[in-house]
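**Q** With the sequences and hints as input, model every part of the structure.
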Amino acid sequence: MDFNMKKLASDAGIFFTRAVQFTEEKFGQAEKTELDAHFESLLARADSTKNWTEKILRQTEVLLQPNPSARVEEFLYEKLDRKVPSRVTNGELLAQYMAEAASELGPTTPYGKTLIKVAEAEKRLGAAERDFIHTASINFLTPLRNFLEGDWKTISKERRLLQNRRLDLDASKARLKKAKAAEAKATTVPDFQETRPRNYILSASASALWNDEVDKAEQELRVAQTEFDRQAEVTRLLLEGISSTHVNHLRCLHEFVESQTTYYAQCYRHMLDLQKQLGSSQGAIFPGTFVGTAEPASPPLSSTSPTTTAATMPMGPSVADLAPPGEAALRLEEVAPPASGTRKARVLYDYEAADSSELALLADELITVYSLPGMDPDWLIGERGNKKGKVPVTYLELLS
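In numbering that gives the first Met the number 0, the protein residues as written are 0 to 399.
Any given hint could turn out to be false.
List of simulated lysine to aspartate or glutamate pairs, EDC-like, C-alpha gap at most 16 Å [what the hints assert, rightly or not]:
1) K179 x D211
2) K177 x E212
3) K387 x E364
4) K184 x E212
5) K172 x D228
6) K176 x E30
7) K172 x E226
Simulated DEER-style distance windows between Cβ atoms [said to hold, decoys possible]:
8) G340 x T59: 51 to 57 Å
9) Y76 x Q224: 46 to 52 Å
10) T59 x K177: 51 to 57 Å
11) V233 x Q95: 16 to 22 Å
Worth flagging that the hints you see were computed from the coordinates, not collected in a lab. Computed from a predicted structure; not experimentally measured. The beta-carbon is built from N, C-alpha and C at its ideal position, and this holds for glycine as well.
**A** Next up, the structure:
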């Protein structure tokens with residue numbers, strides 16, 4: 000108990016000394032040890048990294064989960080170390096409503112059939128969104144959160160310790176300065192005013208006492224300087240590690256972009272397939288108003304709204320579109336690849352050909368692709384062995 004009380008008293012004394020030193024520095028009454036310019040730049044870069052990491056993390060969470068109530072719920076589950084319950088995405092919920100509406104309104108009616116098709120597409124979109132959120136959370140949000148809750152807390156702790164060591168060092172310097180000033184005064188101005196024996200102190204004794212005080216202050220200063228230098232080196236190494244943090248965050252950023260690209264490509268593919276299904280079914284219901292009709296029943300292009308124009312435009316170039324103006328359309332079997340400009344491409348996703356002019360694709364296969372003059376930039380000519388056909392660019396990864 001006695002030892003604990005002594006330690007408590009010692010800690011209270013150290014805290015009081017640091018508080019006095021800090022207050023005097025704020026009022027300009029004490030000198031402050033300044034860090035070198037390189038160290039200050041490391042501190043500034045670390046603070047900037049922490050601030051922007053927090054902002055990027057928070058906004059990415061908003062992007063992945065726009066509902067603030069859901070974000071708070073997930074945060075509480077994480078703090079309680081409990082598994083976050085599975086949540087239905089908006090696309091999946093919409094798909095559920097559409098399927099129920101089709102069941103009640105009549106699944107065999109044109110409207111019911113279309114609701115079912117759209118519901119299936121929305122369900123696939125919702126599943127793709129779920130996979131994207133899961134992947135982005137693991138590959139991007141988790142490393143950022145680990146930095147803020149791990150590395151940054153360590154850096155902050157060492158910085159606070161360095162601040163305390165600096166206050167101890169400056170307090171030791173101030174104490175030594177005062178002791179030397181008192182020693183010089185005792186040496187030059189002896190105190191012989193007190194003549195009573197019990198209070199009489201010889202100037203030599205007073206000088207010796209202050210000399211001991213100076214030696215003690217010098218010893219404390221050496222210890223404080225050593226501890227400050229050691230702590231400054233530890234903190235500097237941690238701050239220089241911010242460069243490794245940037246490299247790690249850069250890799251995570253690339254993975255986030257890759258997962259986002261995959262997600263939007265899947266969404267595009269699902270919607271493209273849905274649009275083809277709706278185009279064929281709507282063409283049967285409303286003859287002459289949709290893709291592939293010979294005599295459009297819609298108003299002329301000049302009087303057609305942008306929405307109607309987009310709905311009635313063909314999905315891709317026909318074989319006739321690939322031929323130069325004024326010449327008859329060439330069959331794909333008769334089109335020779337250019338002497339230069341052919342490239343290898345890897346197929347990203349399976350693709351089912353809509354007609355004989357397109358080439359069916361399988362994921363991860365390699366094909367040769369090239370373009371022809373006047374061809375739609377969203378399409379290329381694909382070649383696999385003796386087979387040729389149009390292929391969409393979004394399904395390919397060009398290699399060379």
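**Q** Work down the list of hints and note, for each, if the structure agrees.
**A** Evaluated hints:
| no. | hint | in the structure |
| --- | --- | --- |
| 1 | K179 x D211 | holds (10 Å) |
| 2 | K177 x E212 | holds (10 Å) |
| 3 | K387 x E364 | holds (15 Å) |
| 4 | K184 x E212 | holds (14 Å) |
| 5 | K172 x D228 | holds (15 Å) |
| 6 | K176 x E30 | holds (11 Å) |
| 7 | K172 x E226 | holds (14 Å) |
| 8 | G340 x T59: 51 to 57 Å | violated (40 Å) |
| 9 | Y76 x Q224: 46 to 52 Å | holds (49 Å) |
| 10 | T59 x K177: 51 to 57 Å | holds (55 Å) |
| 11 | V233 x Q95: 16 to 22 Å | violated (56 Å) |
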